[in-house]
Amino acid sequence: MKDTAIVHYAREPFDKDSGAIYGLYIYHEGNLKSFCSNGSEKGELSAIDDYAYYIDKLIGKGTKIVHWGQDRVDFGWQHIAFRYEELYRHTPDFYLYYGENEFNLAWELLKKFGFNYAAHPRLNSLAEMNGWTKYNSTKDPSILFDHRRTELIVKIYKAFISNTLKTNEK
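Numbers in the working numbering are just positions in the sequence shown, counted from 1, shifted up by 243.
Treat the hints with caution; some may be incorrect.
Restricting the straight-line Cα-Cα distance to at most 20 angstroms, the calculated cross-link-like pairs of lysine to aspartate or glutamate (DMTMM-like) are [as the list claims (entries may be wrong)]:
id, residue 1, residue 2
1, 259, 317
2, 398, 345
3, 285, 336
4, 304, 343
5, 276, 292
6, 307, 272
7, 259, 389
8, 245, 272
9, 276, 246
If you anchor each label on the Cβ, the simulated ranges turn out as follows [to be verified]:
id, residue 1, residue 2, range
10, 273, 329, 33 to 39 angstroms
11, 356, 292, 33 to 39 angstroms
12, 332, 402, 40 to 46 angstroms
None of these hints come from the bench; they were simulated from the model.
Think of the CB as a built atom: it goes at the ideal place given N, C-alpha and C, for glycine as much as any other residue.
Using the sequences and the hints given, assemble the complete structure.
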């Protein structure tokens, strides 16, 4: 996975108003980096700043950014930048766009295996089908849960690129 980083983040549930970001995670070169908000707006700003700086460095080096479905206004780089602007009350100094370095793993799985490759929620289903049950041990937002989700996306990506991922279509 040279020149590849896998990103994930945890946000407030979609039915809540603020869209607060709890933590942002980057798996790169075998290490998992966490940028957590600690429940405060100041912590949230700091986490977003640190994450954006790290992502900018990775993109500058040509690193491929792998994510799970972060292509929506309410989930992904657009939401992260919007949340920063909302808290800081001005446009971010960073441009958090994965661009040509982006690899949307959720979309790539749909393209390769079709719509029925896994039941919803797909991350949980893929974990189950591939015997990675420790990644589904909790449903509550927590740092440990989100680390596990990031690790699960890493496992799915590795299995996908090595053609060993078990799906309903394979």
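For each hint, the structure was consulted:
1. 259 with 317: holds, 11 angstroms
2. 398 with 345: holds, 18 angstroms
3. 285 with 336: Distance of about 16 angstroms is within 20 angstroms: holds.
4. 304 with 343: holds, 13 angstroms
5. 276 with 292: holds, 14 angstroms
6. 307 with 272: holds, 12 angstroms
7. 259 with 389: Judged against 20 angstroms, a Cα distance of about 19 angstroms means the pair holds.
8. 245 with 272: Holds, because 7 angstroms separates the two Cα atoms, which is no more than 20 angstroms.
9. 276 with 246: holds, 16 angstroms
10. 273 with 329: 33 to 39 angstroms: Given about 34 angstroms between the Cβ atoms, the range holds.
11. 356 with 292: 33 to 39 angstroms: Hint holds: Cβ distance 37 angstroms, inside 33 to 39 angstroms.
12. 332 with 402: 40 to 46 angstroms: holds, 43 angstroms
Figure legend: structure checked against the earlier numbered hints; every hint is met.
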